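So the chains spell out like this:
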Amino acid sequence: MTRSRSLLGHALALIGIGIALSLLRAIAFAEPALFRPSTVLSVLREQKPLFAWTPRQLADDDDVIVVDCRTAQEHAVLHPTGAIHMPSQEREKALVELWPRLRGRRVAVLAGASDIALARDVAAYLARHAGVAVTGTVRGGFEAWRDAGLPCAHGGS
Amino acid sequence: MPRLAFLMRLAVGSVLLVAGALKAGSMENTVTSIGRFDVLPHWLVLPVGLALPGIEVTIGAALLCGVMPRAAALLATCFAATFLVFVVAAMARDLDVECGCFGESVLLRANGRLLAFDVALLVAATVGCLRAGEGSPHEASGA
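So the sequence lines, in the order shown, correspond to chains G and C.
Taking this note's numbering, I'd label the letters of the first sequence as residues 129 to 285.
Taking this note's numbering, I'd label the letters of the second sequence as residues -4 to 138.
Derived from the structure by calculation, the hints contain no laboratory data.
Errors might be hidden in some of the hints.
Here are some chain G residues pointing at chain C (derived, C-beta under 10 Å) [said to hold, decoys possible]:
id : residue
1  : L149
2  : A154
3  : G240
If you want a taste of the chain C side facing chain G, the calculated C-beta under 10 Å gives, among others [said to hold, decoys possible]:
id : residue
4  : G49
5  : I54
6  : D91
A quick note: this is a predicted structure, and the numbers were derived from the prediction, not measured.
Beta carbons are placed, not taken as given, at the ideal position from N, Cα and C, and that holds for glycine.
Sequences are here, hints too, so could you generate the full structure?
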């Protein structure tokens, strides 16, 4: 009994020391910004989880809007049927027009297979600024969509 | 066996110390990563994200130095089990999330490799915990 009590005491002591160290680190080394209300709000907004859907999952789900963030040329050559084009370089401009269509919806961002990081970046941007309900990326990018034999279209959208 | 437990505690202590130190370098990133796992209630994410690096460094240092080894090994086991729950939850829900385990310097995605790493960490921490107090010079000296 005494032994387990001392074990608990030691564990609490270690946690206490750890919390004190963290606070010291945050306050003393230029991270007071973490405690500002604006930062707290931004962190809370960033908390929306980001999903990674397979092309097949998306094809079976009519509720999800696919946003193609590749270049205009790539999009014009071939893109998933029904996908909305939002080039990553012009996301702010495109969002002004697309915002009403995306708000409150589930959105999957599609990029090239080698540009998944870009898709994540755009998805996080939409989660922050477009008021979408749920965001995610397409696993394997456009190449996975095309290779799965899912419907594609030419031209702009 | 006591030597193995001691080595396991050293290994787990090193991992936690490095992970905590790297996380402390980018605390905002740590908070965001924890939030993206979508496991904790939102109000708890910020305090947990802020406290985690310091606690990891403390547990890691305690394991390496042999200070309060039983408590440190027990906490390390709890932490490893919690990390595992986070990764399994993310994988089960198809979440695309970077674990933030080692701050921004090493970006590991919640996938099979990270799962294997967390299982190994949990096994090592459990072995260290079960035999805590045996094999470490500190405990052997009766401290």
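(message) Holds or violated: the hint that L149(G) contacts chain C, with Cβ atoms closer than 10 Å.
(response) Holds, about 3 Å.
(request) Using Cβ atoms only, decide whether G49(C) comes closer than 10 Å to chain G, and label the hint accordingly. (result) 3 Å, holds
(message) Given a cut of 10 Å on the nearest C-beta pair, is the interface hint for I54(C) held or broken against chain G?
(response) Hint holds; I54(C) Cβ to chain G Cβ min 6 Å, cut 10 Å.
(message) For the restraint on G240(G), tell me whether the closest CB of chain C is nearer than 10 Å.
(response) 16 Å, violated
(request) Return the status of the interface hint for A154(G): holds when the least beta-carbon distance to chain C is below 10 Å, violated otherwise. (result) Holds. Min distance 6 Å.
(request) Tell me if D91(C) is really an interface residue toward chain G, meaning its C-beta lies closer than 10 Å to one of theirs. (result) It holds, given that the least Cβ distance between D91(C) and chain G is near 4 Å, below 10 Å.
The structure is inconsistent with hint 3 alone, although it conforms to all the rest.
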